[in-house]
Amino acid sequence: MELFDNHKSLYRTAFLLFVILTLFVAIIPAMNNQRNNAPLPDAPVLSPAAVKGKALFVSNGCVACHTQQVRNVDMDKKWGSRPSIAADYADNHRTDFWRNTATLMGTERTGPDLTDIGTRQPSEDWHLTHLFNPRIVAPASVMPAYSWLFTEKKEAAKNDVVVKIPDEYKEDGTVIVATLQALQLVAYLKELKQVKLPDGTETPAFLYAKKPSAADATTGAAAGAPEGTTLYANNCQSCHQQNGEGLKGAFPSLKDSKIVLDPEPLQYVNIIMNGYDGRVSEGYGVMPAVGANANLSAEDVTAIMNHERTSWGNNAPKVTVEQVRKYLEEIKAKGTK
Amino acid sequence: MRVLPVLLTAVPLPLFATPRGRAFFSTDSVDGLLFILLSLVIILLIVAISLKVRTSMMRTKNTAKPPVFDTTRFNEYISALSSKSIDAYLTLKKKKQQKESNVLKALLLVLLTGGAYSMPVSAQQIDAKPSSLLQETGIIITLILLLIPIVAGVILMAVKVSALIRRRTRETNLEEATAFADYLTDPHDPVIEQALEQRKKALAYHLHNSELAGNADAEDSRGLVSNINIHTGLSVVAQKQRAKPRPAVDPALSKLVMWYLGCAAFWLLFGTTVGEYVGIKFVSPDVDHLSWLSFGRLRPVHTNAVFWGWASLGMLGLGHYVVPRVSNVPLASLKQGRWSLILINAAVLLGSVSLMAGINNGGGEYREYIWPIQLLFGIGLVITLYNFINTIAVRTTKEIYISNWYIVAAVMFALVISVVAYVPWWQDGLGETIVQGYYMHQGVGMWFMLFTLGIVYYFLPQQLNKPIYSYSLGILAFWAQILFYTLIGTHHFVFSAIPWWLQTVAIVGSVGMIIPVAAGTTNFIMTFRNGWYKIASSYTLPFFLVGIIFYFTGSLQGTAEAFRSTNLIWHFTDFTVAHSHLTMYGIISFFLWAGIYALVPRLSGKEAPQITVGAHFWLALIGLLFYTIPLMYGSTLKGIMWIQEKPFIESVIMMAPYWLWRAIGGSLMWLSHLFFAYNLYRMILGDDTTDVKGAAIARLNQSYSEIESTL
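One line per chain: the protein sequences are V and G, in this order.
Take the first sequence: its position 174, counted from the start at 1, is 193 in my numbering, and no numbers get skipped.
Take the second sequence: its position 351, counted from the start at 1, is 474 in my numbering, and no numbers get skipped.
Just so you know, these hints were derived from the structure itself, not from any lab.
Any given hint might turn out to be false.
With a Cα cut of at most 30 Å, we get these calculated DSS-like pairs of lysine-lysine [said to hold, decoys possible]:
no.	chain 1	residue 1	chain 2	residue 2
1	V	Lys-229	V	Lys-215
2	V	Lys-172	V	Lys-183
3	G	Lys-283	G	Lys-367
4	V	Lys-337	V	Lys-215
5	V	Lys-212	G	Lys-589
6	G	Lys-769	V	Lys-274
7	V	Lys-96	G	Lys-207
8	G	Lys-207	G	Lys-378
9	G	Lys-521	V	Lys-27
10	V	Lys-337	G	Lys-769
11	V	Lys-274	V	Lys-215
12	V	Lys-267	G	Lys-657
13	V	Lys-71	V	Lys-229
14	V	Lys-337	V	Lys-267
15	V	Lys-277	V	Lys-212
16	V	Lys-215	G	Lys-769
17	G	Lys-367	G	Lys-378
18	G	Lys-207	G	Lys-769
19	G	Lys-769	V	Lys-229
20	V	Lys-229	V	Lys-274
21	V	Lys-27	G	Lys-769
22	V	Lys-97	V	Lys-274
23	V	Lys-97	G	Lys-367
Note that the coordinates shown come from a computational prediction; the quantities given were computed from them, not determined experimentally.
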């Protein structure tokens, strides 16, 4: 064929075909997307510290293991309250003259998704300890230790942020102090929160929802009851550890804890829902409002409480959902007063 | 030392699981420093032992009596002489008889004694005294600093000694050559001359179509049998056919191509060393606590170095040979070829350093280099495109061979995707993600795959010594590849916030990829038709075969992964990592190796030892399977655990053994690259004077010309 024997026409044809397809599958959709999407009205702007933290997140390649997208599939529910939408990313622009936009959606989930990490884990103490060496709080973690974001000092200065590090992870007689960079990175992580859709907007659905299996149906009342161990692992374990003993000097132990074993556990429920700062003087971190942040139901709270009250040698009577519901109402009533 | 990484990965926990979760290797860790110290001492010991062995070898060589050469071996050499060699010898002998000169012998002796005998060198040893002082970082560092030059010195000495031994071996060979020459020049043995005359006649014999009527004799009286293996006995590796001598290639072009391939091999070693280390970090995350070596920074160093350094330079090196060859003209400009090489090397070097320093483009895979650095790569490609098209424009063939379709298209498309990926006008918000999906997959499919297919369309038929099965299938695959592959980029973002229709287009395009893949595979397999037996006697064809198999399975695996249902299980897991290694390694790297082993012996006239080519092949293949299969299995389990809403950390714990397998497979692959680098060294720079018969004739020729010049 003449076309194929003439190098000019052959290469021009191939080039044109490729460029036209490129236009239709990449350039036009990309331009449409950036033109037709604006940030959500409630979306906060990143604080200056968080902007610097994001730059650190980018420069250290965190996106290699952490996604920032909640897919519209049921299994991604744990990473956010709704699937991510185009508007969530609309405020990402070119970083600077040298660097491209960083939407940081990612393609690998070797570590957890971070879309909503600020809601899921709002504790600065935890983040700093975890960054210094993730295996302090999550022994099975394979995340790198970012200890170069911290300095080891004999004595902390007045404004230093001292990080709660168990003795076996540092030299005796030293304290670990967070550098500005570490604080910026944590500021970024804490500001990663899913934004509520404006009222009246339809929330996109999670697809492929699990159908209740036949086995569940036959167990009757137990069907659909939340599982304490899993809920504990997802919501509590990162601080209080799998063995319930927490971390000395950072996160208190739940084993033999007066509050956990309390026969009238009103305060217990309150702490799970709304956090706690009563033991800061002893060096323990502030507990965030885990229950409220994760939208835990009375059933979930009951399951967590019963798991904690009967594990690791704890031996307190189980609570019922009705009891917990009553406490929740009490707490709510107090809160609104 | 090659076993070290294997050991490291096989026993990672006891070695690296340092107590207290501190970095195993950092400037303030005693354990790490001790480890370095220990390694240095071990290296020293090994080198010292090998020095000892070598010096004693040398001593025995030096004190040994002059060797008595077996004359039956000479007869074997005679039967293996080529007619040209016989000619040279016979003319020489005639001359010599006229002159009745003894100069020849004298000359040979002078040459022999010319080599200096050197003194045996005794090995130096040093001991590091273990004591409580070893707890002090400063002392260990000092010891290390002291040991480094000593180790370097001892290694240097070892190199020198082995060079001496090599020289001695060569001298022995030359002695044998002299003895052989003497034997041949013995005037009182008319039998030899007669035998040689006969041999010459036999070699000059040409078929005249009446052979079948002749009386069949078991003897090879007509010189039909060639390529005789004169070393009998069981061989460790199957004897494969040697590369055939080919018409000479322009030495300047050869040099350019070999530079490309040498640089590619360097980046392969560098990139996979980094990859190996990154793989180890999954098993032992506390191996170091240095920012420049942290996982997130090193991972793109690995991927970009093997992409833009190894695979790209390897392809371009082979391309600079194929494009002019199938156009039947010389390369338009060697200078431009050199510039591309320099620019691309500079891009990878600067890019690797900047990524380790924490400077990257924003996290999109394979476009981690910031634009000023990737621009160097782009300019290199523009120059290459210009050079290739200029070469093809003056071709002496009417048609453009299919290889040049693929190769030139690949360079054009790589430029297009780079522009699309780096120009800022459509990168806001999700625009960046859509472009990222497009870019990362077109990089693989339009640059690496298209270019490599072009290389295969040239080298596979050439190695099978038959034309490609179907030119039309090649053309069909070409257009189908452009049509479908361009669409599939966004299948990396299925279920994400990018438009649903775009995801569907990507999935449909992925299914469409069956057409070019099936067409290409059929074409290659059918080219093999009636030639399968050649695999057993070739060391390049197995590489092609593995490449073809992975081309089919790896590419179709990509199709399978693109569906929404499979995305549920495999997306975000290490399955993607396994897939990318099956394709970039199984397809691209194996095809590149096939091309390199086919081409370099042609350029240099030297071949790699077949045993190390075999070692390269098997280690790479087995390593790849160890790497990918456990990873795919583990990732499937991981996906299922996620669907079952198990706590995330449980899926991390579950993966541990599969990550260990990945590190083991990776170590084997890495080891194979050492063999590859050695083979490339042997093909490009190796010396081949150990061929006794060639050396003997060369010696005779030389002395003859010296006699001539004294006349």
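Check: Any of the earlier hints contradicted here, and which numbers?
Finding: Violated hints: 3, 4, 5, 7, 11, 12, 13, 15, 18, 20, 21 and 23; rest satisfied.
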